[in-house]
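Chain residues, written in single-letter form:
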Amino acid sequence: MRLVLENISHRYGNVEVLEGISLEVKEGEIVAIIGPSGCGKSTLLRLAGGLEKPGGGRILQEGAPPANSLNPLTYIFQDFALLPWRTVRGNIALVLEDHKLASDQRKAIIEDVLSRTSLLDFAHAYPRQLSGGMKQRVAIARALSVRPAIMLMDEPLSALDAQTRALLMEDFVGLWRREQFSALYVTHNLQEAVQLGHRIVVLSRRPGRVREIIEIDIPVEERASRAVELERHSRHLWQLMRDEARAADRELLDAANG
Amino acid sequence: MSIIKTYTRRVVMAGLGATMFLGGIAESVQAADKIKVGALRFTSHSASFVAYERGYFKKNGLDVEFKFFSAAAPMAVAIASGDIDFGVTAITGGLINLANKNAVKIIGGALHEEKGIDGSAILASAKAYEAGLTSPAKLGGHSFGITQTGSSFHYMAGRIAAKEGIPMSQIRLKPLMKVGAIIGALKTGQIDAWVIVPHIAKALAKSGKVKIIGWVNDYAPDYQVTTVTTSVKNVTQNKDMVKRFLKAFAQGAADFNAALVDKTAGEAVATDMVRLVHKYVYASRPYEKAAPSIRNGAMRLNKGAWLDVASIKSQLDWFKAQGLVNKDITIDQLVDTSFTAAK
Amino acid sequence: MPPTDKKQVPFRGGGFAPKKVRFAGLAVFAVILILWELGTRSGFITPLVLPKPSEAFGALVELVRSGLLVKHLSASLVRLIAGWSLGVSLGVALGIAIGLFSLARSGLAPLVSALFPIPKIALLPLFVIWFGIDEGSKIATILFGTLFPTVIATYSGIDNVDRSLIRMGQSFGLSWASIVRKIILPGAMPAILAGFRISASIAIILLVAAEMIGAEYGIGAYILMAGSLMQTDQLLAGVAILSGIGLIAAWGIGRAEAWFLKWR
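Protein chains in written order, with this note's numbering: chain A, 1 to 258; chain B, 259 to 601; chain C, 602 to 865.
Think of the hints as simulated: they come from the structure by calculation, not from any bench. Do not rely on the hints blindly, as some may be mistaken.
Stated by the list, open to error - Derived Cβ-Cβ restraints for the label pairs, each shown as a range: (1) A/H124 / C/A683: 33 to 41 angstroms; (2) B/K436 / C/A683: 22 to 30 angstroms; (3) C/K607 / A/R226: 53 to 61 angstroms; (4) C/G708 / A/R235: 31 to 39 angstroms; (5) C/G847 / B/D530: 56 to 64 angstroms; (6) A/N189 / C/A710: 37 to 45 angstroms; (7) A/R226 / C/L704: 23 to 31 angstroms; (8) C/R666 / B/P550: 49 to 57 angstroms; (9) C/F717 / B/K571: 52 to 60 angstroms; (10) A/R177 / C/G708: 51 to 59 angstroms; (11) C/I806 / A/S158: 35 to 43 angstroms.
Don't be surprised by glycine CBs; every beta carbon is placed ideally from N, CA and C.
Working from the sequences, and respecting the hints, build out all of it.
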């Protein structure tokens with residue numbers, strides 16, 4: 001299944017947030033969207049998964065999702081969005097309860113995603129007992145449990161400290177190597193984008209437009225060991241972004257976020 | 259609280275006395291005692307109003323200020339707390355218990371039921387009347403409105419029940435706090451029966467929603483309804499002042515009886531009296547409307563403020579029997595008969 | 602270099618963190634009771650001002666012995682439980698409606714704000730006409746007294762549920778009913794339970810007012826009777842029972858909070 005965005009534009013009141021954005025996510029491909037704050041990248045992600053209606057343009061699923069996919073477009077949120085009154089297991093069960101599944105089937109899915117994210121020992125813990133990194137792992141396990149066709153990841157590492165971020169990034173890479181999932185990955189962090197994205201979409205700020213799309217031809221799993229080549233991409237991206245980032249930095253905080 | 263109050267009052271009085279003496283303006287005429295008298299805006303409180311309006315209090319060296327209440331029960335508490343000096347109130351459980359705490363005493367009589375004069379009437383709601391409550395003998399199993407437990411309404415219900423041989427447990431007493439609330443409940447049939455003074459009873463009967471089914475006279479013929487009450491402190495320390503108050507009060511009562519109860523003084527005096535009372539009772543209604551109610555509500559006020567000790571004794575016994583007051587209290591603790599004639 | 606002038610850095614942190622001292626509360630109670638008893642025994646406090654605590658206790662014992670306590674307590678508890686549980690269940694239902702539906706919010710929220718501050722005691726005579734002088738008006742007084750704070754607690758609780766959790770539920774394709782039942786209600790639960798705590802106190806306060814009219818039995822009626830008879834020992838015994846009911850209610854809600862909010 002592919003996700004295609006056609007000429008998307010959007011505005012909040014008088015503020016134009018997005019304008020004429022077209023891009024697609026192919027099967028097994030991670031598309032990173034990067035841009036300074038206020039470029040509307042989070043809005044774009046909400047539009048992509050149907051949580052908001054675009055002001056103009058179309059969002060299309062091309063091709064059928066895999067037969068066993070319960071929720072083809074699945075989000076991973078920056079703030080984890082775990083229910084504090086449910087345990088790790090309960091949080092994963094939540095998204096399966098509305099689907100017609102036999103209880104042993106449901107149990108098997110939960111066991112499976114817990115083991116894939118190394119969370120088996122924490123199945124009965126409450127979110128308040130977990131570190132930020134663990135919480136995000138739970139959110140990933142929850143996303144995996146509904147077998148998404150495409151993951152919509154909204155700055156999944158931004159709320160974490162640098163070490164945890166590095167660890168989770170390794171997890172993502174490992175996960176992708178095994179599962180070859182597709183994703184739209186929104187971030188403002190250059191390193192994340194170049195480490196994970198097959199293609200990197202750079203947005204300009206207000207209104208957000210596609211400034212450039214960069215392909216990185218280094219296989220995702222090899223990137224850690226080919227840092228020098230990657231650095232070339234990073235530098236190029238930074239050139240594209242720095243003026244906009246500076247302007248964003250000097251802006252008064254009165255406009256809509258995201 | 260009362261301790262502090264007396265203390266300051268005494269200090270002030272002493273101070274005043276001293277300055278007057280030093281200033282050389284001390285005269286043989288004693289300065290008038292400033293006293294506070296509690297009253298309800300009822301015709302039965304007219305003795306005080308007359309004594310005030312006709313200067314009987316002044317003549318007896320009393321500078322009276324009225325404090326108006328909306329129910330009798332708080333008046334007893336106000337006497338106990340020293341907020342007022344005299345009050346005219348029905349004998350209630352609260353009053354007796356305050357006497358037991360050595361705070362108040364009954365010193366004279368005011369309103370008295372008397373055969374031949376319309377007294378309080380026994381009422382039934384039209385609904386209950388149609389369902390068969392046509393005489394007080396049938397009160398068993400019916401609800402009966404009272405203001406509070408231990409109020410005079412409670413007592414009257416008890417007297418009626420006793421004479422009719424109905425156990426008190428069969429009468430469902432409904433405390434409704436205020437006379438207005440009882441009237442509303444009776445009119446709408448929420449309660450079945452009640453007892454009230456004649457002018458209210460007659461007005462209610464006229465509306466058709468309430469029937470008069472009997473008279474309290476027939477059950478408690480010599481009922482001392484209200485009494486003059488003061489604090490134990492006044493009885494023991496200001497005997498002279500208490501005497502002067504009762505003298506003025508009795509004079510007011512005599513005027514009232516002559517004008518409106520015995521009607522021996524002629525129509526002109528009666529009209530004068532109604533006008534006087536109207537200043538205090540039904541003052542918000544025009545005179546023409548108020549006058550008949552005032553005349554209808556005129557009940558005998560005790561001559562010379564004499565006290566029907568026998569009636570008070572039987573009231574006290576009933577309150578004791580009902581377990582509403584301490585069993586150890588004696589009639590001497592409740593009543594001081596040294597100020598007026600007592601029977 | 603040899604150290605010359607050595608001085609320990611003075612400690613200036615600490616404080617501002619009151620800890621629980623065991624039995625301190627009990628001790629304060631005991632000291633007040635003892636002073637009070639001594640004061641009344643010595644005559645420094647006259648019986649008119651306050652009865653002896655032992656007399657109030659005696660009145661309580663007498664109430665138990667005569668079997669009237671059961672009658673008064675059961676009458677009051679029926680009113681309290683019926684009025685409060687009807688009030689809060691209606692209140693939670695209305696609060697959910699206002700919290701979830703635009704029409705209910707626009708239509709009912711102003712009405713609730715308008716009716717909330719009305720003292721329900723003032724409406725008692727009307728309640729008597731509407732619901733009858735017996736249990737109806739008493740239960741209605743407590744019902745209406747507890748209804749509005751519960752409505753407000755519930756819908757403000759719902760308003761404060763983390764929107765990102767609701768968005769998460771939608772993004773996983775949860776049904777509307779699931780989102781309400783599994784996300785919104787548990788999220789509003791702390792506020793709803795805090796509302797219960799307040800409404801339970803209000804119910805007890807209103808009990809006395811409700812039993813002002815036409816009550817033969819009930820703790821409130823007992824207190825009012827003691828007041829009108831100036832039997833201050835019985836009055837205090839009744840007040841002690843009321844505060845006992847209050848303590849038990851608070852404890853019960855505390856247990857409910859511990860159970861429902863164990864995730865906190």
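Here is how each hint holds up against the structure:
1. A/H124 / C/A683: 33 to 41 angstroms: Holds, at about 40 angstroms.
2. B/K436 / C/A683: 22 to 30 angstroms: Since B/K436 and C/A683 have Cβ atoms about 26 angstroms apart, the given range 22 to 30 angstroms holds.
3. C/K607 / A/R226: 53 to 61 angstroms: Holds: the Cβ-Cβ distance is about 57 angstroms, inside 53 to 61 angstroms.
4. C/G708 / A/R235: 31 to 39 angstroms: violated, 60 angstroms
5. C/G847 / B/D530: 56 to 64 angstroms: holds, 58 angstroms
6. A/N189 / C/A710: 37 to 45 angstroms: holds, 43 angstroms
7. A/R226 / C/L704: 23 to 31 angstroms: violated, 60 angstroms
8. C/R666 / B/P550: 49 to 57 angstroms: Roughly 54 angstroms apart at Cβ, these two residues keep to the hinted range, so it holds.
9. C/F717 / B/K571: 52 to 60 angstroms: Distance hint for C/F717, B/K571 holds at roughly 53 angstroms.
10. A/R177 / C/G708: 51 to 59 angstroms: Once the Cβ atoms are compared, 56 angstroms apart, the range 51 to 59 angstroms for C/G708 and A/R177 holds.
11. C/I806 / A/S158: 35 to 43 angstroms: With Cβ atoms ~50 angstroms apart, the hint is violated.
When the structure is compared with the earlier hints, violations turn up for hints 4, 7 and 11 and for no others.
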